[in-house]
Amino acid sequence: MLKIQEIRELIKLIDKSSIDEFQFENEGTKIVLKKNEATVEPKVIPNAETPIFVQPPQMPAPQATQMQPQPAEKEVQQSEPKEDKNENLHKIESPMVGTFYSSPSPDSPAYVKVGDKISKDSIVCIIEAMKLFNEIEAEVNGEIVEILVENGQLVEYGQPLFLVKAE
Amino acid sequence: MRQQLLEMLMNHQGEFLSGQQISDQLNCSRTAIWKHIAELRKQGYQVEAAPKKGYRILSSPDAVTADEISIRLKTEKFGRQIVSKESVSSTQEIAHKLSHEKCEEGTLVVADEQTGARGRMGRPWQSPKGSGIWMSLILRPEIPLQRAPQLTLLTAVAVVKAIHKVTGLNAEIKWPNDILINGKKVVGILTELQAEADRINSVIIGIGMNVNLSSDELPDEIRGIATSLQIETGQAIRRADLIAAVMKEMELLYKQYLQEGFHLIKLLWESYALSLGKRIKVRTISGEFEGFAKGITDEGVLLLEDDENQIHQIYSADIEIPRS
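Just so you know, the sequences run in chain order A and B. Here the first sequence is numbered in this note's numbering, starting from 1 and rising by one per residue. Here the second sequence is numbered in this note's numbering, starting from 1001 and rising by one per residue.
Hints listed in this document are in silico derivations from the structure and should not be mistaken for laboratory results. Glycine included, C-beta positions come from ideal geometry on N, C-alpha and C. One or more hints might be untrue.
[Unchecked claim] Here are the computed distance ranges between Cβ atoms for each label pair:
#1 A110(A) <-> I1222(B): 25 to 35 angstroms
#2 E1007(B) <-> A110(A): 48 to 58 angstroms
#3 E25(A) <-> S1214(B): 54 to 64 angstroms
#4 Y157(A) <-> G1116(B): 29 to 39 angstroms
#5 K1085(B) <-> K113(A): 54 to 64 angstroms
[Said to hold, decoys possible] Below 30 angstroms or equal to it, Euclidean Cα-Cα: the simulated DSSO-like pairs (lysine-lysine) are:
#6 K1294(B) <-> K1184(B)
#7 K1097(B) <-> K91(A)
#8 K117(A) <-> K1097(B)
#9 K1266(B) <-> K30(A)
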């Protein structure tokens, strides 16, 4: 038997997902959850936007420059002007869900700030979950153009953290 | 060779082993034996040498040397490569270097003293000489990076089991992996990940255990909230026993985890959890709030229900359990 809180959890998960209908049967218990298209849709669209613009994960810089024309053509049609601006920029993405820390401890300076030159092995931030600390390396040479998240913020898997003008 | 000699002597505690016996079994010269005995004495072993009778061990030190740990190990991989140091800044630092140098999975770094160890948020972690276990274990799991945080809960379970085996004490886990006895912290665990893009290179698990600290030796600022195994049992504990026990439990759970996933670890973790089903205080970098600890997810994330019945997923926080 599912507990009421588990059902609540399920509803929340399905609500966030792109699943329209969900059925679950176990030992004589059956749950059917359906999304109300009309009310749910506006919520879903902004969420769904992110995956569309996800670029192929972190290509080495030289390769990225060679391949530029291709993704550019495709994206121009779909993206808004803002996206165009970012498109030549490399995104450093979070490899896991967790808390974003801009510095090694609360009273030390941030690893990087806008305008900083970074190299592939520069540490740009820490992502923590369950006391597991992941020092994120830039994996690209370039300059930090924008920091997209705030210190202490919970970030999702694949969420862009930094925009880098790659060299 | 020295380790085999030590093992022979330890297996015949109280009895003499003749030089001839030893040299036959280990296939070495009497001079070589003498050299190794001298080395053991330097490490703090009391070895009696009697003419015509041979050698016997009278006492061994509470040391965290590779020799002391190795003779107690009952593992395949974990702790089979040991780097033991007298004093280091932090065992994590050394483990990071070794990991970059492609050391084997299961490599263990142990120190008798740490001078620059850190906990969460860069807080200093006191690791005085000779009285604790300060160690780092290097794992190289082939799992999606996303799942790596589960290993920190696994470690907590292994340490609780090892403490029970060696001391009989029942320790509890405060989310995600602080280990407490009678409500006071006795072990801290901090894990660091080395990865390239989203591929795990290594997971470096740092474990700090207050073993033989007396209450006077606990730093003032933590005396009210920390304890040691010696304080709780009233007797000194041989650290090498505990290290070997942690390696054994870790290896068992880790194997199960790689084969069957997190499910079993989660059940075990819940059975030792101190903070579930209670009202707790959660301190995060962006603020402090209270709620009811409902449980953990399959990822090990803490579920906290606030007063508006909203459930929050907690990935990073310090938990406080108000005394009832």
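Here's how the hints hold up against the structure:
Distance hint check for A110(A) and I1222(B): the Cβ-Cβ separation is about 29 angstroms, which falls inside the suggested range of 25 to 35 angstroms. For E1007(B) paired with A110(A), a C-beta distance near 52 angstroms keeps the hint of 48 to 58 angstroms intact. In this structure, E25(A) and S1214(B) meet the distance hint of 54 to 64 angstroms, their C-beta atoms being roughly 60 angstroms apart. Judged by the Cβ atoms, the range 29 to 39 angstroms given for Y157(A) and G1116(B) holds: they are separated by roughly 33 angstroms.
Between K1085(B) and K113(A) the Cβ separation comes to about 36 angstroms, which falls outside the hinted range of 54 to 64 angstroms. Taking the CA atoms of K1294(B) and K1184(B), the gap is near 22 angstroms; set against the 30 angstroms cutoff, the hint holds. With a C-alpha separation of about 28 angstroms, the suggested pairing of K1097(B) with K91(A) holds against the 30 angstroms cut-off. Under the criterion of a C-alpha separation no larger than 30 angstroms, the hint pairing K117(A) with K1097(B) is consistent with the structure, at around 25 angstroms.
Under the criterion of a C-alpha separation no larger than 30 angstroms, the hint pairing K1266(B) with K30(A) is consistent with the structure, at around 26 angstroms.
Hint violations for this structure: number 5 only, all remaining hints satisfied.
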